[in-house]
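Required output: the full structure, derived from the provided sequences and hints.
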Amino acid sequence: MKHQLILALDVKTLEKAKYFVKKLSPKIKIFKIGIQPFVAYGLEIIKFIKKERAEVFLDLKFFDIPHAVAEAVRQAVHLKVKMMTLHILGDEEMIKAAIKAADEESKKLKIKRPLLIGVTILTSKEANSSDVLTLARIGLECGLDGVVCSAREAKLLRAKLKRNFFIVTPGIRPASFKKDDQKRTVTAAEAIDAGSDFLVVGRPILEAADPLAAASSILK
Numbered sequence: 302m303k304h305q306l307i308l309a310l311d312v313k314t315l316e317k318a319k320y321f322v323k324k325l326s327p328k329i330k331i332f333k334i335g336i337q338p339f340v341a342y343g344l345e346i347i348k349f350i351k352k353e354r355a356e357v358f359l360d361l362k363f364f365d366i367p368h369a370v371a372e373a374v375r376q377a378v379h380l381k382v383k384m385m386t387l388h389i390l391g392d393e394e395m396i397k398a399a400i401k402a403a404d405e406e407s408k409k410l411k412i413k414r415p416l417l418i419g420v421t422i423l424t425s426k427e428a429n430s431s432d433v434l435t436l437a438r439i440g441l442e443c444g445l446d447g448v449v450c451s452a453r454e455a456k457l458l459r460a461k462l463k464r465n466f467f468i469v470t471p472g473i474r475p476a477s478f479k480k481d482d483q484k485r486t487v488t489a490a491e492a493i494d495a496g497s498d499f500l501v502v503g504r505p506i507l508e509a510a511d512p513l514a515a516a517s518s519i520l521k
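Using my numbering, the first residue of the sequence shown is number 302, and each one after it goes up by one.
Rather than coming from a laboratory, the hints here were simulated on the basis of the structure. Among these hints, one or two may not hold up.
[Claimed, not checked] Here are the simulated EDC-like cross-link-like pairs (lysine to aspartate or glutamate), alpha carbons at most 16 Å apart as the crow flies: (1) K381 - E356; (2) K521 - D498; (3) K330 - E356.
As structure tokens, this is what we get:
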């Protein structure tokens, strides 16, 4: 598949979020809504993104008892997002309940099921690659469509897990950009070389003097 850039819309106001979607949707076709923007203005910005003919990555990292996660996933399917996340640490029962709920609700609505992506270990933490591999294997064996991991582990996952799955990689930073609170950062080129499919970028674009130029530079 063609590698895709995702912008993390981690901004404080709906107006600012709309500004970035409007300005960048010619270049970026997927926007990530995490917990902060979702709590602040989530439903409104999701509708706006779809109005601008772009897609939504709902990154709420569902992690709870199986029934609670399954019901949350059912509701998320109604938002017609492209993909959503849940924590693999929630265990097999939770993951399978989420997949079943997504399948059932999508069939009922007669829409394509959102991709279900499992979070391994956050890129703000140091991680043992074998732990990431173990979590990824658990999630994929349960039926997830892909995993979230650093590009530092992506190459290992591609080598060890002989199946088709998506890798979503946050913590993408140009070589000259500060790491902020991210520990396992890589450049876009390094992520692609490692086998990542979706590259999640936030502050390097949001904080740029020219966000469109910054996005274009990363896409190159």
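Taking the hints in turn, this is what the structure says about them:
no. : hint        : verdict
1   : K381 - E356 : 9 Å, holds
2   : K521 - D498 : 15 Å, holds
3   : K330 - E356 : 6 Å, holds
Every hint from the earlier list agrees with this structure, and none is contradicted.
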